[in-house]
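So the protein lines, in turn, are chains A and B.
Residues in the first sequence are numbered consecutively from 1, following our numbering.
Residues in the second sequence are numbered consecutively from 1001, following our numbering.
For the record, the hints were derived by calculation from the structure and aren't laboratory data.
Glycine is no exception: its CB is placed at the ideal position from the N, C-alpha and C atoms.
Be aware that one or more of the hints could be misleading.
Result set (DSS-like, lysine-lysine): computed pairs, CA atoms no more than 27 Å apart in a straight line [to be verified]:
#1 A/Lys-9 to B/Lys-1109
#2 A/Lys-14 to B/Lys-1042
#3 B/Lys-1042 to A/Lys-9
#4 B/Lys-1005 to A/Lys-57
#5 B/Lys-1042 to A/Lys-71
#6 B/Lys-1042 to B/Lys-1109
#7 B/Lys-1042 to A/Lys-57
Rough simulated footprint, nothing fancy, chain A against chain B, three-plus residues with beta-carbon under 8 Å [stated by the list, open to error]:
#8 1008–1015
#9 1102–1114
One side only, chain A facing chain B, incomplete, derived with CB under 7 Å [unchecked claim]:
#10 Phe-10
#11 Leu-43
#12 Gly-108
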Amino acid sequence: NAGVTQTPKFQVLKTGQSMTLQCAQDMNHNSMYWYRQDPGMGLRLIYYSASEGTTDKGEVPNGYNVSRLNKREFSLRLESAAPSQTSVYFCASSDASGRLGELFFGEGSRLTVL
Amino acid sequence: QQQVKQSPQSLIVQKGGISIINCAYENTAFDYFPWYQQFPGKGPALLIAIRPDVSEKKEGRFTISFNKSAKQFSLHIMDSQPGDSATYFCAASIGIGSQGNLIFGKGTKLSVKP
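Required output: the full structure, derived from the provided sequences and hints.
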């Protein structure tokens, strides 16, 4: 089973460039999430989608947009990248009927903004 | 009130020793407390979780202790092994967190020396 797949795994951008991080899950989960992980800051929620067709802001949504393309796919877009967005981005999915709402994470996308 | 405070930031333990990581919270409405384990280059994965109706939960060498009155919970790793070397995150939410309300601590990097 692939689980949660993120692309790309690594990306270097210049300030002001745009890009989209892609995420797909094959577990038929309803909920999907985008987190960023920075040293000493833990995991902070950017956006989430509780079900297909809905998206909501998390703790740190500024500078990002998301699209829940279908039940499987949830993309994160940076319209005008800034050095402060240098981070490791994790996509996750969950199903309320699973083990206590367990989050399944992808392996991450490491983004550097110069 | 939404924070989850985790300590220590880093921990070095000898093989066979006990690793203890502590977390504290303020929001008394939290009722779900998972721990996630993250190996380098990988996404976090659920290790063990507890509800406040029990004071302790054990799965193999991993035990969560929960003190509702003190608003604290901790992870104990018995007989720590080099393979346990990873970053550990505690978290808390109201319900199972499928609505994006899972709050993570900042993480503890555990190194188990052979």
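Which hints, by number, does the structure contradict? Violated hints (numbers, rising): 8 and 10; every other hint is consistent with the structure.
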